[in-house]
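> Sequence:
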Amino acid sequence: MTLANPSTTALGGRSGDHVGPVDVGLPAVLTRAVDWAKQRRRRRYVAAVKRRLRRYDPPAGR
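Per UniProt numbering, the sequence shown runs over residues 1 to 62.
Read the hints as simulated data drawn from the structure, not as lab findings. Fair warning: this is a prediction, and the values are worked out from it, not measured in the lab. Be a bit skeptical, because a hint or two may be false.
What the hints assert, rightly or not - Pairwise CB distance ranges (calculated):
1. L53 - A33: 29 to 39 Å
2. P27 - D57: 29 to 39 Å
3. Y56 - P27: 42 to 52 Å
Note that CB positions come from ideal geometry on N, CA and C, so glycine has one too.
Produce the complete structure using the sequences and hints provided.
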């Protein structure tokens, strides 16, 4: 897989389901690491939001 070839997908065979312009041209390992970091950050953000909701709005009857 040559990185200069636009016909190949950025993730080396996986069709670009969520590939943005940032990921194009990176090796697959780097792209996967970036995706993993994004997912982790997003999960931590979601967890923080849920924690905040639980703190200020306790579920009734639980």
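> Work down the list of hints and note, for each, if the structure agrees.
Against the structure, the hints:
1. L53 - A33: 29 to 39 Å: holds (31 Å)
2. P27 - D57: 29 to 39 Å: Violated: the Cβ-Cβ distance is about 45 Å, outside 29 to 39 Å.
3. Y56 - P27: 42 to 52 Å: holds (44 Å)
Of the numbered hints given earlier, the model fails hint 2 alone.
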